[in-house]
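Next come the chains, spelled out residue by residue.
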Amino acid sequence: MDTLISIKPLLAVLVSLLAIPFIAYSRSPNVREGWTFLAAIVKFGIVAAMLPAVLNGMEISCSLVEVLPGLSIAFRVDAFGMLFALVASFLWIITSVYSIGYMRGLDEHAQTRYFCFFAISLSAAVGVAFSANLLTMYLFYEMLSLATYPLVTHHQDQEARTSGRKYLLYTVGASIGLVLPAMLMTYHLTGSLDFSPQGILAGTASRGTVALLLFMFVFGFAKAAIMPFHSWLPAAMVAPTPVSALLHAVAVVKVGVFSIVRVITAIFGTDLLQTFDLSTPLLLVASTTILVGSFIALSQDNLKRMLAFSTIAQLSYIVLGAALLSPKGVTGGMVHIAMHAFGKITLFFCAGAIFVATGKKNISEMTGIGRRMPVTMTAFFIGALSIIGMPPCGGFLSKWYLVLGALDADKIAILVVLLFSSLLNAGYFMPVVYRAFFCPPEEALFEARVQEAPLCCVVPLVITAVISILLLFYPQPFMNLAVMAAAKFTGI
Amino acid sequence: MIWPVDLIIMVLVMICGIGAIMVRDLLGAAILFGAYSFMMCLLWAIMGAVDVAFTEASVGAGVSAVFFVAAVFRTSRRTKD
Amino acid sequence: MESLLSNFLAKYNYWVYIGLVMIGMYAMIAKRNLVKKIIGMNIVQTAVILFYVSIGAKKGKTIPIIAHGHEETGHHAAQAIDYISPLPHVLMLTAIVVSVATLGVALALAIKIYRQYGTLEEDEIALRINEP
Amino acid sequence: MKTFALITVLLLGGLLFYGTPDFPDWGDPASPASLHVSPYYIEHAVEDTAVPNIVTAVLADYRGYDTMFETAVIFSAGIACLFLLRVYRRKSARTRLYRHNLTGVTLRIAKGGKLPEGSAEFERIDSVWVPYDMIIKVTSRLIVPFVQLFALYVIAHGHHSPGGGFQGGVIFGAAIILYALSNDLRRAFRRLSEKAALLASAAGVLIYVGTGLLCLLLGGNFLDYSMLAEMLHTDAIMARSHGILIVEIGVGLAVMAVMVSLYYNLSSAGRHDEGL
Amino acid sequence: MSAHFPGLVIIIPLVAAFLILIGALLDKRLAFPLTALALLGSLVTAIGLLARVMQVGVVEYHLAGWAPPVGIAYRVDHLNGLVLVAVAAVAFINLLGTRPLVVEAFGDRLGPFYTLYILLVAGLLGIVVTGDAFNLYVLLEIAALTGYALVGMGEGRAPLASLNYIFMGTVGASFYLLGVGYLYLVTGTLNMADLAVRLPALYPSKVVFSAFVICLAGLCLKMGFFPLHAWLPNAYSYAPDPVSSLVAPLMTKVMVYVMVRIMLFVFTPAFAFDLTAISEPMVWMAIVAIVAGSFLALSTRRLKRMLTYIVVAEVGYMVGGFWLGNRLGISGAILHIINDAVMTLCVFLAAAALIARTGSDAIDDMQGLFKKMPVTMAVFVIAGLSIIGVPPTCGFFSKWYLISGAIAAGQYGFMAALLLSSLINLVLFFRIFEIAYFEPFEDHHAEHPTGHGRVLSAVQEAPLELLVPLVVTAALLFALGIYAGDIVSLIIDKAIPLGIV
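Chains as they are written, first to last, in this note's numbering: chain A, 1 to 492; chain B, 1 to 81; chain C, 1 to 132; chain D, 1 to 276; chain E, 1 to 501.
I should point out that these hints are in silico values taken from the structure, not numbers from a laboratory.
Hints should not be assumed to be uniformly reliable.
Taking lysine-lysine pairs in the DSSO-like style, the calculated list, with each CA pair at most 30 Å apart, reads [what the hints assert, rightly or not]: (1) D:Lys137 with D:Lys195; (2) C:Lys61 with E:Lys206; (3) A:Lys360 with A:Lys166; (4) A:Lys166 with E:Lys28; (5) E:Lys28 with C:Lys59; (6) D:Lys195 with E:Lys28; (7) B:Lys80 with D:Lys2; (8) E:Lys206 with C:Lys11; (9) A:Lys166 with E:Lys206; (10) C:Lys11 with C:Lys61.
With the hints as constraints, model all of the structure from the sequences given.
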């Protein structure tokens, strides 16, 4: 494996941080959003610039300072990190556009603060993606938790306050209470926290210890919303929709699962888990989360809450993929990060657009909305298809790989879970679409004057919807990265 | 060092010490504390620590007692225990 | 029994010091009057001084001032065995100074407290604090 | 509280008691404490410093640094007391008492009132009425100078006999306190004002520290008096002896001033109008 | 000149103390610049000293030219070099930051205030630098005495709290003195290095064990270790703000340093950790201290009081970390001395700024302060994060070492206590942030205009004089975090005796 030394990873992380003073001290909203946009594009540019090298099998690394003996704040870009960074930084651009439309459309307060913390969050997310060791990852993970707190509590009312508390308690609490000691124990056992494709724990600990550590990590990264550490996610839906969209469908939760997958593959190593046969309990946890999450989603009326539970379920697909420990399963899980991101963000954008245009949050109030907002609802349909995993959407691809992985690993039960949950997904998404489009005109709840949301809201969701479809046909960057990463991790 | 003298002084030290904390009048306590210091000073003088004894005589029995009296004068003599 | 008694008698200064520390501590904890507590504090300090002075003592030896020091400078040096050890005395001079300094500050605070609450009894002060 | 105190005290006593059986016997000349460092002092004090009073030699030279901080402690006690208690706002609301010196008649002058004609014969007295006592005043007036003289002797003769800066300073301070007690605080202020006391206390410690600093500037370590030899035109040993005298004077000055200042503040509760 | 650094680091502030008093008698305005100058000199000397120690190793300085054990010697190694710099820096920063508050509160007694201030600092520096057990006691008293006076000048219950502090402090110091006396009794020396040489032969003696226990008890009392902490919360929370931001970061930390020094370099690890069975109970006491401190902090709704309880818990961190008895734990404890000094300074300074502007130290009165005082609150947030232990602030790294030490020693209870306390700190600080962030600003002056004598006009950002030190301290939190590895490997590692694994 060739390694390039470059400061690009550092730059990619810092871009959005450096943009903050400009965002904070801009004279007018236009200039401020201009800076945000510029930062987003530059960030994506830097990430994309590293793509060819990574696709060529190189790794790009950059070490900052050695904060503890043998442990430094260091970045290392590999295929898996690249995959995630690419998704996150690209979606930041889209979300920036959407935010402008949404925030202005609703005339939200404290927009400057909003954009600032958004930028910090993105830095943190990319930081997690590029970190070379557990310590760096932990650092950015915590940074993300704290930076999203003001975003979650943006409305500053009682509900936001409660949700903010819950959010912090779950994410930071779990990371301090579980990840930190697990990390220290790992360090104590191995003397290192550097990610290595084969894992570092092999041969240093007994089965019991490894199992304990595994579960401390899996539950400790509470951002992944593995049950029973999931209930912050629905609560956090009080945030403005772009926040929910980017952070709770893309950055925050994906950072959680990314961290879990990273730890499973690069700290424990697939071989070790295989040897100790620890994939089964992991699969059990993930499957439970998938099924229970989906069932709860079925019963939700608030659109964003439903999406939140859907996210909880979908996130566990990724964990499930990694826990299958087979190359195809891991590939599926990784690709699902991208696929789910595009699909889910579309859905959130739609929910936000509906809210901007009509002020409605509940599914039951959306009868007939498809006639008034056809573009939005079409995009919603596409996103839903992607999440369910039906062609012609990208989601199909990742589910396909997951199924293959399950077959490879001879886990028929998992196959059943996957199929059943797809049914459930369809079960909670399709009624929405049906209600939106196929209702008698007399039942429609909307006046004729209700129209599509502002252009800034609609364009992004169209783009993401289109990309969701395109991803089935041109999944190369993500697919290749995932395959590379999976091959490296599973050693095949 | 004559042991009976030694012993008597030690007993006196103890008595003055206990008296200083037991007596129900702060002015009396201050004076008893002065006496305690002076007995202590004698004890040290007997042990050959002349400089220490000298200091204690001037500080403990002298100035400290005056400070106590001054403080009691500026506050109150009353004490419940 | 014999040895116990002789052991007891051989260290009687130390027993006195322990007794004084206990008296002083008792006053500091059990008494509620602040001046009484200050007296207790001083008793503890003098007890420690007594302890140090007892360390230095040598039975039947003379005080640490060299007789006719000037005439005999350098001729025949003083024999350490003849004199009581001076070091604890030096230390205790310092300790006495510290104790009087502490006493001064403590009394100043007591006066300040009296100015504020009109009493030196801890329980009454607690009442005054909780009143408003 | 009492039971708690008793338990604590008994525990403490037990702890102290526990170690005592292993103590060397009291007054044992062969106890370890008497064998290690202190013999050096006894045997070398005179040849090192030419000071027969070993305690003074150790206090001001061998362990002079401790003593410097001891002086600083007493100085900070003085400042602390001033800082805590001093009241700078003048309260003129009180009634003042004046006594006619010849007749002993006491006048009470209410707030804002003025003295009658011929005020030179009147003397202000403390508001807590005390009978005029000729005997005390006269005796203490007689005693005070002798006490002060004795104090100076103690400071100066610390080299040869028990005593030294600290004891002398306390005695000197006590003399002034006696003066203040037998007369009143205002008269004492006329002898040694608050500012002068402060200045003297700072100056006293500065003499000490300054001597040390001078030694440092002359190329030795801090407080190494032998460096003063050239300045004092003596040899190193006598320079130590003189150095000790200088710092003892500093200590005496500081201690005297602080004792008086402490008394001023404590006896008048920081108002500096009337004392004990 | 650099040969005299160990002496100068104390002498400069000491000389300055008297000059300040004399200067202030002439003109009050002279007090502050003189103090600042002296502390700057002290800080520079301390840094020079640390650099020298890192170059040549242990630096000794024989006061009055007498070699130990006859004379008093200063012995500067990596351990006290580091602590020295921390103490000087914290005192200096606090001095610069609190000037407006001091003028406000003690305008009529600036001279005495700064004299006491600098004497306190000199005492603390002396405690750190000295190599003589009795000299340490004298310096301890000078630091304590000035501390009592400064604390006693606060409002409300401050005098009472200070008097209690005197009682506890004096008993603590007397115990320490007694312990030293016990050691002197059996060895005849007071020099720490000499003691360490002469003690091993006497380890079986009951006297040495008594000395050990008495010393430790005295030091625990002075540092406010949990069951003996009763004086601390009142003393620190009722002290005037400029004082609590000096005393809270330094006093307890320096006392912890003294414990480390005495245990490692007088009793030697062989005795402290192996021969006495006291490590285990001490760690358990530390666990209790941490948990109790955290819960007590949770139970109060006054800002400064909460912070003082956090100090109680932090003392538990350090004591526990030290008594883990392994290299990691002790490194963590020493690192935490430094980090906690800066963290505590930062929170207390920020609290001082907040209290000065709002006139109240109730947490519930902090509504809307993020809007009104953004910079102060930002610094407060950073300090809070550091206390919680979020990377890359320094609090994380000392916690890292402490927990590593706990794992290495198999003390999972201690690890759990640290994590619990982190979580509680999270709750504590976010409780404040919530109030300051969510609730709209309310002007409390309207309700009780004369409630506090020191309200400075309308609530607005703290004065620049205070802001700059605040921001510098916050930056220090990051710097200490990022260079934690270097500090440990270059300095702390060399400070710990080789025998400890």
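Hints and how they fare:
1. D:Lys137 with D:Lys195: 26 Å, holds
2. C:Lys61 with E:Lys206: 28 Å, holds
3. A:Lys360 with A:Lys166: Measuring from Cα to Cα gives roughly 25 Å; hence the hint holds.
4. A:Lys166 with E:Lys28: 53 Å, violated
5. E:Lys28 with C:Lys59: This hinted pair is violated, its Cα atoms lying about 56 Å apart.
6. D:Lys195 with E:Lys28: The given pair, whose Cα atoms are some 14 Å apart, holds under the 30 Å limit.
7. B:Lys80 with D:Lys2: 14 Å, holds
8. E:Lys206 with C:Lys11: 15 Å, holds
9. A:Lys166 with E:Lys206: The hint is violated at about 55 Å.
10. C:Lys11 with C:Lys61: OK: Lys11 (chain C) and Lys61 (chain C) at ~17 Å, within 30 Å.
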